[in-house]
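Peer 1: Sequence order for the protein chains is A and B.
Each residue of the first sequence is one higher than the last, beginning at 0 in numbering that gives the first Met the number 0.
Each residue of the second sequence is one higher than the last, beginning at 0 in numbering that gives the first Met the number 0.
Keep in mind the hints are simulated off the structure, nothing from the lab.
Fair warning: there could be bad hints in the mix.
Some chain A residues near chain B, calculated using beta-carbon distances under 8 Å [unchecked claim]:
{"no.": "1", "residue": "Gly50"}
{"no.": "2", "residue": "Val52"}
{"no.": "3", "residue": "Val54"}
{"no.": "4", "residue": "Gly105"}
{"no.": "5", "residue": "Ser109"}
{"no.": "6", "residue": "Ile113"}
{"no.": "7", "residue": "Leu118"}
{"no.": "8", "residue": "Asn125"}
{"no.": "9", "residue": "Ile236"}
{"no.": "10", "residue": "Val285"}
{"no.": "11", "residue": "Val292"}
{"no.": "12", "residue": "Ile294"}
{"no.": "13", "residue": "Pro299"}
Below, computed lysine to aspartate or glutamate pairings styled on EDC-like, alpha-carbon distance capped at 20 Å [unchecked claim]:
{"no.": "14", "chain 1": "B", "residue 1": "Lys94", "chain 2": "B", "residue 2": "Asp179"}
{"no.": "15", "chain 1": "B", "residue 1": "Lys268", "chain 2": "B", "residue 2": "Glu224"}
{"no.": "16", "chain 1": "B", "residue 1": "Lys268", "chain 2": "A", "residue 2": "Asp127"}
{"no.": "17", "chain 1": "B", "residue 1": "Lys94", "chain 2": "A", "residue 2": "Asp187"}
{"no.": "18", "chain 1": "B", "residue 1": "Lys94", "chain 2": "B", "residue 2": "Glu178"}
{"no.": "19", "chain 1": "B", "residue 1": "Lys94", "chain 2": "B", "residue 2": "Asp191"}
{"no.": "20", "chain 1": "B", "residue 1": "Lys172", "chain 2": "B", "residue 2": "Asp191"}
{"no.": "21", "chain 1": "B", "residue 1": "Lys94", "chain 2": "A", "residue 2": "Glu189"}
Here the structure is a predicted model, which means the values were calculated and not measured.
Yeah, the Cβ is synthetic: ideal placement off N, Cα and C, and Gly gets one too.
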Amino acid sequence: MRRFLWPALLLALIVAYPLVFSTPFLQRLGALVLLYAIAASSWNVIGGYAGQVSVGHAVFFGCGAYAAMGAYAHFGLSPLVGIPAGIVLAAGIAAIVGVPTLRLSGHYFSMATIAVAELVRLVVTNTDYLGAAVGLSGPTVPRNVFDLSFISALPYYYLFLVVLAVTLLITWWMANSRMGFYLRAIRDSERAARSLGAPTSRTKLYAFMLSAGLTSVAGALYAMMFGFVDPESGLGILISVKILIMAALGGAGLLFGPLVGAAILVPLEEISNSLLGGQGAGLTFVVYGAIIVLIARFQPGGILTLVKRELERRGRAPGKQKALQAGASHAP
Amino acid sequence: MARGQMSFILVQVIVGGLLLGAVYALFSSGLTLVWGMMNIVNFAHGDFVMLGMYAAFVVFTLFGVGPLAGVPFATLLLALLGVVVYFALIRDIMKGPMLAQILGTFGLALLLRYSVFWWFGANFLSLPQDIVGGTFAFLGLRIEASRLLAGVVALFVTLGLHLLLTRTSLGSKMLAVAEDATAAQLMGIRPDTMQAIAWAIAAGATGLAGALIATFFYIVPTVGETLGIVAFVTVSLGGFGSVPGALIAGLLIGVIESLSAYLIGDVYKDIVVYVLFLSFLWFRPQGLMGKT
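Work out the full structure: start from the sequences and follow the hints.
Peer 2: Rendered as structure tokens:
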């Protein structure tokens, strides 16, 4: 029973957070942490578990955001209706990019993702139907609860918490299914996996499409919370950067890695933005760049890997060993 | 008459594309050299070019001296940066997992891009139009001297780079390391030194290219992203590791870009190049010159 104590306490803390810290700033901060955790967890499916580094996930984020806002702006429907369309669109783009590049070395995949994100951003910026450079807006005054337009961040917090839980459940289920075993085999040695009969390209493609679909949900939620989307906030390269760095800092390929990364970086960015104002935006990304370089150079496994290794080192004392093994995550 | 006018403009557009394409070829051959030799894709490559542009800009605005001083300065500065980046970062991430390889240079790209953004701001900068002697007419074509200088210098340096790699003992040593680093080491070649030299050459090429186009291109911190993708397209088209391939692909992309800017509109020129890249990945991932 004791090994459930800490997770249960942590969960209770997460659920109670916006009620305890009830100022608008802190509630909004909590909601943003969860939102980026959803996006980064979605990235984790292809970037962490499959080891294929997407540097253009903003394109899928934008699919969801534009589909949600488009449903309202063009058809007068609830932004919720746009979510399935966004998922289909994102998975379709993932297939277009993934089919040719997932057969090649991982460099091609990364280059193609950066190119497709930039391509879609340019096309959207020049398409009047999608609001061009101005973007699309959601309902300014909510007509009913399905418009999901609230002044307080509290409803968003719990909505995002539920979506995050679902995202993590899907990830966990995938990691423990046949597909998860294939993915880990592919990440460790693609040639070995293929020679043992694992359908490598197809498995990676499914993971990529799943990751894209989940990311588009995060984008739709983002657009609903902020009430609008434009090319920079929905499709800009900085969205890709944020998604990627949160997963990598926390621990790529670990279930809770992206959540840890988001819980560290989102507050840092919000605080630096409110202290430095617009001037801080450039500086924030200088720091992000430095963090990414340092992770790559010294600790590609991220913070959670570091913590886990430290716990294992301390847990060598008899008795503790067993509990740790049982509690250890399935991922390497 | 109108028809003659039209084809005349078309020739002008194609010549402009070839001159710019030579510069694309120059910085892309740096990317292809490093990729072919170490199997590392430098995601900061476009941002190296951007640094070259700013280096040339700073030399001009601070000291008021023309491109003759800015070009060597930017080349040497970037070559030095290349060596530093190799020893501080690349040497270690090369042996790491794919995630580390891509994150390492991608993080470097952000670091460089936003440091410049922070220091210089997001404004578009540009050097005076007539810094290299304005525009002149040649066989009836109107050519800017700055573009002509950039194109011709880039063409010769790219050809020189090809000769360096294929005709000198340094080139042979580098190819030996690319082929099999351990075997090369047994023959008394230091892989570390050769790879550092490759990074110096690759980054130096970006510095030179950046300084050359700084005389007529817009200078902005985010220009590296566009130029980086151009380099990816060029290298994929030309086949990785091949400098002649990069040269032909660079010239081709320069012409395609110019033609689409002229025929469909300026904002669509990047869109055309990116679509071309994605369709190449679908139909001919080994590039134009690559073997199946």
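Peer 1: What hint numbers does the structure not satisfy?
Peer 2: none
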